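Asker: Here are the chains, one letter per residue:
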Amino acid sequence: MSEKLLNLTLKVWRQRNSKDKGGFETYAMKGVSTDMSFLEMFDVLNEQLINEGKDPVAFDHDCREGICGMCSMFINGRPHGPKQAVTTCQLHMRSFNDGDTITVEPWRAKPFPVIKDLVVDRSSFDRIISAGGFISVNTGNAQDANAIPISKEDADESFAAAACIGCGACVAACKNASAMLFVSAKVSQLALLPQGQPERDQRVLNMVAQMDSEGFGSCTNTGACSAECPKEISLSNIARMNRDYFGASIAGK
Amino acid sequence: MSSSKLESKIPEGSLEQKWTKYRSTVPLVNPANKRSLEIIVVGSGLAGSSAASTLAELGYKVKVFCFQDSARRAHSIAAQGGINAAKNYQNDGDSVYRLFYDTIKGGDYRAREANVYRLAEVSANIIDQSVASGVPFAREYGGLLSNRSFGGTQVQRTFYAAGQTGQQLLLGAYSGLQRQVGMGAVQMYARHEMLEVVKIDGVCRGIIARDLVTGKLERHFGHAVLLCTGGYGNVFFLSTNAMGSNVTAAWKAHKKGAMFANPCFTQIHPTCIPVSGDHQSKLTLMSESLRNDGRIWVPKKLEDAKAIREGKLNPNNIKEEDRDYYLERRYPAFGNLVPRDVASRAAKERCDAGFGVNTTGEAVYLDFAFNMKYKYGKIEATKKGIANPTEAQLKEFGHEVVKEKYGNLFDMYKQITGVDPYENPMMIYPAVHYTMGGLWVDYNLMTNVPGLYALGEANFSDHGANRLGASALMQGLADGYFVIPYTIGAYLSNEIRTKAISTDHPAFVEAEKSVADTINKLIGIKGTKSVDYYHKRLGKIMWDNCGMARNEAGLKKAIEEIRALRSEFWSNVRVTGAADEFNPELEKAGRVADFLELGELMCLDALQRNESCGGHFREEYQTEEGEAKRDDENFKYVAAWEMKELGNWELHKEDLVYENIKIAQRSYK
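In the order they appear, the protein sequences are chains A and B. Taken in order, the first sequence gives residues 3 to 255; the numbers are from my numbering. Taken in order, the second sequence gives residues 1461 to 2129; the numbers are from my numbering.
These are computed hints drawn from the structure, not numbers from a lab. Be aware that a few hints might be false.
[Said to hold, decoys possible] Computed cross-link-like contacts, DSS-like style, restricted to lysine-lysine with a CA-CA straight-line distance of at most 30 Å: (1) B:LYS1986 x A:LYS13; (2) B:LYS1996 x B:LYS1874; (3) B:LYS1843 x A:LYS154; (4) B:LYS1659 x B:LYS2048; (5) B:LYS1676 x A:LYS56; (6) A:LYS56 x B:LYS1989; (7) A:LYS23 x B:LYS1986; (8) A:LYS21 x A:LYS112; (9) A:LYS154 x B:LYS1835.
[Claimed, not checked] One side only, chain A facing chain B, incomplete, derived with CB under 7 Å: (10) CYS65; (11) GLU67; (12) ILE69; (13) GLN92; (14) ILE117; (15) ILE131; (16) GLY135; (17) ALA144; (18) ALA147; (19) LYS154; (20) SER160; (21) GLY168; (22) TYR247; (23) SER251; (24) GLY254.
Quick caveat, the model's predicted, so the values are computed rather than measured. Glycine residues also receive a C-beta, built at the ideal position from the N, C-alpha and C atoms.
Put together the whole structure using the sequences plus the hints.
Answerer: Right under this line is the structure:
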């Protein structure tokens, strides 16, 4: 933890509300500790703005340990910034250099309208889950947890898909604003488990239909979603979902 | 004698029969009537999501509120290590009774027997339910579920999904909740914050909530209101809680008559990443599961500790005989797996004595090198048929195993500290993590305000003075999936004739006005200091005086300081922006205002409890070996506080009766 201090220039997207046109504001940041997280730097910026009687920058954040999926900054053209496999809250300033100019924008996608500054509305993701991202089992119906053995391989692969934090970086990274990685992660998690089989066909059809109606774009297999995913959700999930989708469509379900 | 205001409603009968019999005799509500009964659930973590989906499945009309942008973000998501259940899949002697016993003992004999036994009974159902809803727990090669050990137990009963168990359980409960949302059985209100409880004729009838996007205040009626709003660890500013975690919902309930129980019982978790500087906004936990394989130590020699702090000595170069594995030394029976309160105090003791190892002197080592090489490395070498592996081979093989078990935690550590924990021992220090105290509830999980319930971390009921690891997830889901769906019938069966009350009722109008007044007051102060400025100062007062060690003089001083800080806050805080817009500063201001009141009550509670137990350590009351010294004769009670007015509380005592456990000094030696 050898601390260094950086002087930085921040260009931050400011937008009063969903109707405002918005634009960049430039802020000079002096003496930013390399031990700070990216969001802690924003805390310092906001403290400065409040002391100057200005409106602080609104940004989403909560757990600050990379798991809640709330933080969502588009940093220097990349969701969650330059590091591989980290969320914005886990990005530390030691990943930047003295004198850097850093551009920070909200997720940009039609199904994610801006609420204020860097905060967007991601409720479309919840609606996609409501359309089918579950196993229909009412409380009390379950049998003993060890009654159905599941191979370690399948369990691990299902877990890897289930690690998705629903942050929306995949959509922000995609030139088409496609949500295929997010949707396919949930479809795969459940498709890999025996418990998910009874609703497998219906699930994929319903979730994809909801995804389309929310206005997310199509997948053109660029792979930016997976490359930028802070949880490294694999592209193979999309392939699996496509197989399931075509299978279910042909079966005419 | 317990206070007459506290009716715990524990059913008659033997411990083993209480819940079974109660479940079979509790009044029911018929399906047609359920459709006209409305339930408000505040909070969407494990307790809230599981309660909401289950109650909706039963046919009740449910509304769910959360301040985050989605129900899936509640802070249950960040729980790492696991969830306990008395499945005895390992055939190692576990049972419902043993889980019950471990929990009561771990809580230092300050929890209710009946509640804890019920918790242990339903624990197994939770695992079944979660697996059925698609939670991908870790499994063995044979396809069956895997278990590991947690602190304060000698069996392996913890189920897990890598270091992301809370995430997987919450996403399971969340998907069940979203299913009900999709069917229209649950109405979801994300980005909404509950700011007041509405009471009519002494009964809870709804809430006032603020739409955080528009700033508009809303009135919502409910036949019952369930607060599933988590703990209040953020009163310390620095904690492992999420930035938004707050006491506001529970505190508003308290100010409307609900008693607050054992507020001073806070859990300081022993293994967190140490503070790095003044900019620090939160602390990050390193899962307790790491203590399965990590050994905790500091140097034996003061000069070695000093050299490490000055960066002149690499800990890897300290010889085995010069290391003090102080937990193994002091507690040979449980070793590195002693409960959290014990491990935290032991770390503080060593650091206070000058053996701390980072620049601030507030850190100890959690070292994996030994088990990486000589436990896992050896096993893997044997599997590969290598009889005499080299040290390098042992390290290489063990590295792979440790990576699979704890990879995400090691990555997180490296990301935050810039140090590789595969090569160097982790540095850790205790941090505020969980609050055992909370709203007082009876056996039905109802507060003393009729119709107002508290579930999960928001209530006080199951963990006594110290919670065991992997028991928070268990309690949240037990309350939501398996307890409230039954116990709420005892109340709602008498409500079937209550028609939905119009939110034009004067009680709603008045409650909304008081919320609006508070908001306008906060914005109108236009002072000179930010909300965070006050929050940090409060946190420091609390950590210094009501943290890991407390004493009478410090607590008295803290109460004075908090009062002074509170009045300064209300005259000099600067809340930017307006009431009728998206305004995170305003949200924070309201929460900090409540923390500034809660902090005083926590100190008051710590001051009256002239004993040490669990997470509550009063320096005046310790054994010669520095262990917590309980006083069962005078303090074997739940302290439930009734607010008369701000700064004036009345203490009610609920006596704790132990009929099935012999109460003894807690020993992990």
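Asker: Next, verify each hint and record whether it holds.
Answerer: Now for the hints, and whether the structure bears them out:
Our distance criterion of 30 Å between C-alpha atoms is met by B:LYS1986 and A:LYS13, whose separation comes to about 28 Å. Of the pairs offered as hints, the one joining B:LYS1996 and B:LYS1874 holds, with about 26 Å between alpha carbons and a cut-off of 30 Å not exceeded. Taken as a hint, the B:LYS1843 and A:LYS154 pair is honoured in the structure, with Cα atoms around 19 Å apart against an allowance of 30 Å. Of the pairs offered as hints, the one joining B:LYS1659 and B:LYS2048 holds, with about 25 Å between alpha carbons and a cut-off of 30 Å not exceeded.
Only pairs whose Cα atoms come within 30 Å are accepted, and B:LYS1676 paired with A:LYS56 is accepted, the gap being roughly 23 Å. With a C-alpha separation of about 13 Å, the suggested pair A:LYS56 and B:LYS1989 falls inside the 30 Å cut-off, and the hint holds. At roughly 28 Å between alpha-carbon atoms, A:LYS23 and B:LYS1986 fall within 30 Å of each other, so this suggested pair holds. Note on A:LYS21 and A:LYS112: the hinted pairing holds, with a Cα-Cα distance of about 14 Å set against a maximum of 30 Å.
The straight-line distance between the Cα atoms of A:LYS154 and B:LYS1835 is roughly 22 Å, inside the 30 Å bound, and the hint therefore holds. For A:CYS65, the interface hint holds, since its Cβ comes within 7 Å of a Cβ in chain B; the closest pair sits about 4 Å apart. Because the beta carbon of A:GLU67 sits about 5 Å from the nearest beta carbon in chain B, less than 7 Å, this interface hint is met. Because the closest C-beta pair between A:ILE69 and chain B is about 5 Å apart, less than 7 Å, the hint holds.
Annotation: interface hint on A:GLN92 holds; nearest CB of chain B at approximately 5 Å, less than 7 Å. A distance limit of 7 Å between C-beta atoms decides the matter here; for A:ILE117 the minimum to chain B is near 6 Å, and the interface restraint holds. Interface hint status for A:ILE131: upheld, as the beta-carbon distance to the closest one in chain B is roughly 4 Å, under 7 Å. With a least beta-carbon distance of about 6 Å to chain B, the hint placing A:GLY135 at the interface is held under the 7 Å criterion.
Interface restraint check: A:ALA144 against chain B, minimum CB-CB distance 4 Å, threshold 7 Å, status holds. The criterion of a C-beta within 7 Å of any C-beta in chain B is met by A:ALA147, whose closest approach is roughly 4 Å, and the hint holds. Interface restraint check: A:LYS154 against chain B, minimum CB-CB distance 5 Å, threshold 7 Å, status holds. For A:SER160, the shortest C-beta to C-beta distance to chain B is roughly 4 Å, which falls under 7 Å, so the interface hint holds.
A cut of 7 Å between beta carbons decides the hint on A:GLY168: the least distance to chain B is about 6 Å, and the hint holds. Residue-level restraint check for A:TYR247 is violated (minimum Cβ-Cβ distance to chain B is 19 Å; threshold 7 Å). Restraint check, A:SER251 versus chain B: the minimum CB separation of about 21 Å is more than 7 Å; hint violated. A hinted interface residue such as A:GLY254 counts as satisfied when its beta carbon comes closer than 7 Å to some beta carbon of chain B; here the least separation is about 23 Å, so the hint is violated.
This entry does not satisfy hints 22, 23, 24, going by the numbered hints stated previously.
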